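Could you build all of it, start to finish, from the sequences and the hints given here?
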Amino acid sequence: MNEPVRTSADFDPAEGAGEPGNTASAPRRRFVLADDTGFDEVPAKYRRFYRRWQGPADELEPNEVLCPVCKVVIRSARELRPGDRVYCMPCMSRLEVVRGASGRLEAIVRY
Amino acid sequence: MLEARTAYSIQYWLESCPQGYLKGTEYGHDRGATEPALVLENPILRDEAIGTTVQLVVGERAALAASSGLINAAPDAASKTFLATQTLDEARHVEIFTQRLFDLGVKHDELESTIARHANPHLVRFAEILLEKVDKKDFVAGVVGQNIVLEGLAFSTFEMMQTANRDTNPKFARTLSGTIADERRHVGFGENRIGSLIREQPEKKPEIERMQKDMAYHMLATFADRFRGQAAALQEARRVAQQQANPAGTAARSHVWHGTDLSNADPREMEAVLAETVLKEFKTRLARIGLEYQSPERP
Amino acid sequence: MALDAGELHTREHAGFLAEVHSFEFWFQSVEGYLHGRPHGISPDTPTLELAPARREALVATLSTYCVGEVAALEGASGMIGFAPNRQCKIFLATQAVDEARHLEVLLHRLAELGVEDAEARFETRSNRHLLAFRDTLLRHVAAKDWLASVFAQNVILESMEFAAFQSHMRTADPRTAEMLGGILKDERRHMGFGENDLGRYLARQPEARQRLREIKQALDPLVLATFEESMTQLALPASERPELGRLYLESVARLGIGS
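Protein chains in written order, with the working numbering: chain Z, 1 to 111; chain X, 1001 to 1299; chain D, 2001 to 2259.
Heads up, a few of these hints could be off.
Taking beta-carbon pairs under 8 Å as the criterion, some of the chain D residues facing chain X (in silico) [said to hold, decoys possible]: (1) Phe2023; (2) Glu2031; (3) His2035; (4) His2039; (5) Glu2074; (6) Ile2080; (7) Gly2081; (8) Lys2089; (9) Ile2090.
Quick caveat, the hints were computed from the structure, so don't treat them as lab data.
No experiment lies behind these values; they were computed from the predicted model shown.
All residues carry an ideal CB built from backbone N, CA and C; glycine is no exception.
Right, dumping it as structure tokens:
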């Protein structure tokens, strides 16, 4: 199958990462990241990778995870899975996506 | 006249510097600008560029340590605020000159050994004299040493380099123009802020004047080492620049700085005009703030 | 060199750290929220007339904040001299300017509130617990104690301030709220620097945790008391106050130094 050509707006993180042993997992969904989420704390070219958290009632999308250090939502151009690495630029943290006790995806800091 | 309180503020600095002359730049130059091929591909010129840039990194590291170290000793909020902006200016200078070393092909894991190899020992001693005052939290001596002597040296040196590189290396010239704009503010703070403090503490004058004399000696010794050791590189640079600009072989464009044509002057002439310019500025500025310039020994 | 945005999350860690600790990154980041906001506030943001008691409480609280910002300015700038590498030095230089800007915008807001001697008297108006914290922090800096300085300043102080300013913003008048919002955006970087730097240190030297616990024990009460008092002055609902320590307690738990 030919994959559509991806622009930088579609490109995404940690190619090849995913849950260990899960070689039969379905292809990851892709997301187009809108340029302007109103997040203005990082250089313009990175702003679409972050948005403000709206609080405990904020339902995160499959391509989003909350930074535990600074409570900014990190976004990806593709669906996130446990084992993925993401960076939070607002607080300069490296994080790994994990499945939390609630069953939802969370991020833990990898110093 | 711009009120001192406003001139030293973060708001003024934001509007002048990051929102002003640095807007749209990357590491102080136009985005995507590169070192000229004639420097990167010529071992003599590349080595000279690395050697020169190392001295700039050494000087800026000292300036960063000094300005940040003086904040705690500053007597008022406006001085602390100004020194915070100067600290960030100096950090930026460290960053852009370090980046230039990487652009010239110095590998990241060889940065410190490259600096150690090329750093002029007189420049290192110049910095040590200043930092001794900063470590003692001597605000007045520290600001004279940093903002009159070191920044005065930097200001004239950068102006001279910018003139010399204007046509052959627009990237480096652009980088320098931003640092010159920063140094203007730093020198201005030194003159304007320190005058009244020296009047209040006249007993400090002899010690500060001695410091100035020692620093000026090591500065002149650095110039002597750099210019006298670079005759071959200078000749090569002119030959290549001439070829590139004018394959037919007619005279290259002149670059006059303080009455000296940098495209034709020999190393001793260049050393002399830089030394003379810097020392003359020292004399003038020190007199304005109530200090007597001390002539250094000549290396 | 700067990352290509399309490959943000795949970048190797050293390159990411080099970029986010740089002047270039800071410069492009702050431009997003400082441009067009002299002294941190848009010219169009309305001025609300405050009742005398509310104004007095706000003046006392902002004065306390000034002490914190001067402490952080002197702390961050003092740490540059003994920071372990170039990237840390450059980051701390950006933090020093951030803190100086915070002091400046707070003094500016106090002047807007009609306080004529703000700079001369903020210390006398401020919380004594925070003055004691400041003295301890600056002793660590004078002793060139990197671990203690980073922990006290960038983990304890900055995360407490973050939580306090966030709470305060919810009930503040529009101009104060906007000013605090800009400060918060800087604090994210400062907190992040502290936690990550300590995290990397503790990964190499886990035995240092014991020392950090001792420092924490000495400083926790001072900072918590400071912000409790400020939130009381501002009449923040009691239900919100536990939030003040939560961000900080989560951070120390991640670092493995919680009690």
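For each hint, the structure was consulted:
no.: 1; hint: Phe2023; result: holds (4 Å)
no.: 2; hint: Glu2031; result: holds (7 Å)
no.: 3; hint: His2035; result: holds (6 Å)
no.: 4; hint: His2039; result: holds (6 Å)
no.: 5; hint: Glu2074; result: holds (5 Å)
no.: 6; hint: Ile2080; result: holds (4 Å)
no.: 7; hint: Gly2081; result: holds (5 Å)
no.: 8; hint: Lys2089; result: holds (6 Å)
no.: 9; hint: Ile2090; result: holds (5 Å)
In this structure, every one of the numbered hints holds.
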